[in-house]
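Given only the sequences and the hints, what does the whole structure look like? Please build it.
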Amino acid sequence: MVAPTKYYEKAVPTPTSFIRYKGIWDMQDLYESMAGWFRHRKYKLHEKVYKHKHPSPFGVERQYIWQAEKKETDYEQVIYDVYMHTYDAHDIEVVMPDGAKKTFTKGRIWIELKVVLNYDWEGRWNEKLFYKYLKDFYNKYVVRKKFTQGYAPKFRTELYELQNLIKERLKMESRGFEQRYMPGVHVRTV
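In my numbering, the protein residues as written are 186 to 375.
Keep in mind that the hints were calculated from the coordinates and are not lab data.
Since this is a predicted model, take the numbers as computed values, not measurements.
Check before you lean on any hint, since a few could be wrong.
Computed beta-carbon distance windows for the label pairs [stated by the list, open to error]:
no.	residue 1	residue 2	range
1	Gly221	Gly308	46 to 56 Å
2	Asp283	His225	25 to 35 Å
3	Leu319	His239	48 to 58 Å
4	Gly221	Lys299	12 to 22 Å
5	Lys299	Arg224	12 to 22 Å
6	Tyr326	Glu346	23 to 33 Å
7	Lys356	His237	21 to 31 Å
We put the CB at the ideal spot given by N, CA and C, even for glycine.
Next up, the structure:
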């Protein structure tokens with residue numbers, strides 16, 4: 186007999202970040218910079234869904250669903266879920282200041298970013314009842330303290346960095362990583 190699953194044994198999510206933008210952006214640059222951000226941090230990136238819906242008179246609609254995962258320890262795994270949806274998208278040619286022509290996308294984009302921390306993602310500690318109780322103890326007293334003191338802020342900060350990268354690529358109002366100016370952290374930029 187295996188003990189029932191407790192609330193702290195499930196995946197621990199952090200708040201979801203949303204970005205909504207209407208205007209002109211370089212989709213190729215956005216796509217490559219986000220993929221590069223995950224590669225630089227040693228995440229395995231999988232494009233789960235790519236949908237290109239039939240064009241309407243208003244434009245093309247595309248959906249991208251990405252999942253980036255990294256084995257933090259043998260017991261913990263970090264998963265980033267990225268959902269991008271473009272509406273009324275048209276490809277337009279823009280003449281750059283140096284005279285070169287570049288293809289940009291004009292339309293609306295909706296992006297959702299979410300990070301989840303998975304415990305015992307391989308299911309090793311569910312085989313026997315004794316292992317289940319060890320896992321229960323470990324989650325209650327060891328991992329919980331580590332999660333509240335270091336893990337949650339670390340991954341939330343990474344999520345904000347990714348959000349800032351997207352905002353920079355879309356050339357939105359936000360310049361720089363705003364969360365670094367939280368109380369207790371003073372950074373002087375020249």
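> Which hint numbers does the structure go against, in order from smallest to largest?
Replying inline: Failing hint: just 1.
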